[in-house]
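Peer 1: Chains as they are written, first to last, in the numbering used here: chain A, 221 to 333; chain B, 2 to 116.
In short, the hints are calculated from the structure, not lab data. One thing to keep in mind: the hints can contain errors.
[As the list claims (entries may be wrong)] Residues from chain B that face chain A, not an exhaustive set, calculated with beta carbons under 7 Å:
hint, residue
1, 44
2, 49
3, 53
4, 86
5, 89
6, 92
7, 104
8, 107
9, 108
[Unchecked claim] In the DSSO-like style, the derived pairs of lysine-lysine whose C-alpha atoms are separated by at most 27 Å in a straight line are:
hint, chain 1, residue 1, chain 2, residue 2
10, A, 278, A, 297
11, B, 28, A, 297
12, A, 242, B, 45
13, B, 45, B, 28
14, A, 289, B, 45
Think of the CB as a built atom: it goes at the ideal place given N, C-alpha and C, for glycine as much as any other residue.
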Amino acid sequence: AQSVAQPEDQVNVAEGNPLTVKCTYSVSGNPYLFWYVQYPNRGLQFLLKYITGDNLVKGSYGFEAEFNKSQTSFHLKKPSALVSDSALYFCAVDQTGANNLFFGTGTRLTVIP
Amino acid sequence: NAGVMQNPRHLVRRRGQEARLRCSPMKGHSHVYWYRQLPEEGLKFMVYLQKENIIDESGMPKERFSAEFPKEGPSILRIQQVVRGDSAAYFCASSPPARVTGELFFGEGSRLTVL
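Let's have the full structure, built from the sequences with the hints guiding it.
Peer 2: Here's what the structure looks like:
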């Protein structure tokens with residue numbers, strides 16, 4: 221069985237500071253890992269993915285994520301937060317590679333001006 | 002290049018009525034996924050379809066819910082005899098053939114309110 225945990229419901233960070241949104245996963249075998257962002261009343265937008273290769277993955281809007289196999293984590297990071305980054309962020313795992321994503325419960329990021 | 006189109010965006014039904022939600026995938030995409038998002042919760046997978054085939058319906062409630070993706074036309078998620086607990090946002094996503102990109106493209110959702 222696969223699962224994803226986002227331990228923080230809410231993350232607050234000051235504008236210009238680095239941000240981290242945490243995600244841990246549990247799958248059998250090699251995971252496909254994703255981050256999506258949801259703005260109010262909108263659908264989810266793809267940010268980045270890890271399939272294989274370099275553990276540091278760069279994505280849209282300056283976001284990046286680091287795959288850590290030993291800690292089974294895939295934390296989302298950005299060096300300098302913008303107010304416009306405020307949104308709901310979802311981590312997801314795909315165990316089979318068939319695009320059948322299993323989502324975490326989401327973390328609401330608020331960037332304070 | 003239009004994205005994933007869902008309609009209606011908002012739907013209000015009384016208990017016992019039927020709700021039909023439609024999803025047109027992105028051009029060139031042959032795979033459709035339906036997810037449900039309850040208030041303050043994450044997305045829960047419901048069903049994965051290809052044209053004329055249900056591939057995985059492990060997330061679908063056993064009763065009242067059905068989905069189809071006909072050869073022509075949009076995918077339809079149908080909820081019969083709705084109850085208040087069906088109130089949620091229903092998101093459709095599409096993708097090219099599996100194992101190509103690993104990315105899903107989501108529509109803006111259909112928000113169902115059951116009175």
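Peer 1: Hint check: is the beta carbon of residue 108 (chain B) less than 7 Å from a beta carbon of chain A?
Peer 2: At about 5 Å, which falls below the 7 Å cut-off, the nearest Cβ of chain A leaves the hint on residue 108 (chain B) intact, so it holds.
Peer 1: Keeping to a limit of 27 Å between CA atoms, is the pair of residue 289 (chain A) and residue 45 (chain B) held or broken?
Peer 2: holds (25 Å)
Peer 1: Would you mind confirming whether the straight-line C-alpha gap from residue 28 (chain B) to residue 297 (chain A) stays at or under 27 Å?
Peer 2: violated (32 Å)
Peer 1: Does residue 49 (chain B) pass the interface check with chain A, least Cβ-Cβ distance below 7 Å?
Peer 2: Holds, because the Cβ-Cβ distance from residue 49 (chain B) to chain A comes to roughly 6 Å (cut-off 7 Å).
Peer 1: Take a quick look at whether residue 278 (chain A) and residue 297 (chain A) sit within 27 Å of each other, Cα to Cα.
Peer 2: holds (10 Å)
Peer 1: Under 7 Å is the threshold here; is the Cβ of residue 107 (chain B) close enough to any Cβ of chain A for the hint to stand?
Peer 2: Where the cut-off is 7 Å and the nearest Cβ of chain A is about 3 Å from residue 107 (chain B), the hint holds.
Peer 1: Quick check on the hint: residue 86 (chain B) CB to chain A CB, less than 7 Å?
Peer 2: violated (18 Å)
Peer 1: Are residue 45 (chain B) and residue 28 (chain B) close enough, with their CA atoms no more than 27 Å apart?
Peer 2: holds (25 Å)
Peer 1: Identify whether the interface hint at residue 92 (chain B) stands, where standing means a beta carbon of chain A within less than 7 Å of its own.
Peer 2: Holds. Min distance 6 Å.
Peer 1: Tell me if residue 104 (chain B) is really an interface residue toward chain A, meaning its C-beta lies closer than 7 Å to one of theirs.
Peer 2: This hint holds: residue 104 (chain B) lies near chain A, its Cβ roughly 5 Å from the closest one there, short of 7 Å.
Peer 1: Have a go at the residue 44 (chain B) hint: is there a Cβ in chain A nearer than 7 Å to its own Cβ?
Peer 2: Status holds, d = 4 Å.
Peer 1: Checking hints one by one. Is residue 89 (chain B) an interface residue toward chain A, by the C-beta closer than 7 Å rule?
Peer 2: violated (14 Å)
Going down the numbered hints, you'll see the structure goes against 3, 4, 5 and 11, while the others check out.
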